[in-house]
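Chemist: Each chain is listed here by its residues.
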Amino acid sequence: MLKLIGSLLVLLVSSYIGFKMASRCQERPRQLRQIITCVGSLRSHIIYSCLPLHEAIANSTNGIYGPIAEFFQQVANLLEKNASLTPQEIIKKVLSEMEGSLILKRPEIEVLYVLGGNLGVMNCKEQEKYLSLVIEQLERFENEATRLRDLNTKMYRYLGICGGLAIVIILL
Amino acid sequence: MGLDILFKIAGVGILVSVFHTALKQAGKEDMAHLCTLAGFTVVLLWVVQLLGKLFNTVQDVFKLF
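Line by line, the protein sequences give chains A and B.
Quick note: the first sequence uses the working numbering, first residue 109, plus one each step.
Quick note: the second sequence uses the working numbering, first residue 168, plus one each step.
Take these hints with a grain of salt, some might be off.
Unchecked claim - Counterexamples of contact, computed for chain B against chain A with all Cβ distances above 12 Å: (1) Gly178; (2) Thr188; (3) Phe229.
Unchecked claim - Stretch-level coverage of chain A by chain B, calculated; a stretch enters the list once three of its residues show a Cβ under 8 Å from a Cβ in chain B: (4) 209 to 220; (5) 273 to 279.
In case anyone wonders, no lab produced these hints; they're calculated from the structure.
Where a beta carbon is used, it is the ideal one built from N, C-alpha and C, also for glycine.
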């Protein structure tokens with residue numbers, strides 16, 4: 109009886125881990141897409157409406173929900189409150205605060221970090237060029253992430269369930 | 168004891184084949200082969216123990232020392 113309960117628990121936990129990994133895999137392209145949307149609308153807000161940076165960033169999250177919107181909102185809040193910090197420092201701070209909920213890998217984080225360093229230090233035209241470049245880079249990452257998602261989601265699920273079964277059989 | 172180990176080995180075999188397919192589909196052939204090897208090793212460990220027992224029994228039966 110005890111063995112049965114133990115093996116069920118092992119099976120449940122390993123399947124949970126598998127499904128969790130799969131959902132992380134699915135979440136990443138979605139978050140990247142949201143970042144692209146935000147940066148795109150930030151570009152429009154900077155170039156056409158010429159808003160101050162914190163307002164532009166806050167407005168750029170309109171219609172977007174989830175961790176990415178929260179990230180940009182937090183950046184905007186901190187920008188408004190702390191005049192002494194540069195955008196780069198703020199982005200770094202918020203990124204480290206929200207490490208758990210943002211499923212981003214090193215290259216995207218570096219891109220965001222460099223984006224912070226270049227926000228608000230050039231004129232409109234250069235800014236537009238730079239933001240287009242960032243969007244292009246992020247789109248490349250998104251394509252890669254979508255490819256990885258298609259490959260890995262199923263694999264993680266199978267591996268989770270089968271790994272649990274394997275552990276149970278070996279230990280039984 | 169008798170049939171138990173057979174079913175265990177069959178289970179490991181089925182699982183390893185599923186692992187292999189899943190990993191291969193994800194384009195990780197090297198991991199798939201590694202997985203197969205790991206399953207094989209586990210089964211081999213069980214079988215070697217049983218073989219050792221068998222040899223001991225044979226020695227005991229025929230008094231070969």
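Chemist: Give a verdict on every hint.
Modeler: Hint-by-hint comparison with the structure:
no.	hint	result
1	Gly178	5 Å, violated
2	Thr188	8 Å, violated
3	Phe229	34 Å, holds
4	209 to 220	violated (count 0)
5	273 to 279	holds (count 4)
Violated hints for the displayed structure, listed by number in ascending order: 1, 2, 4.
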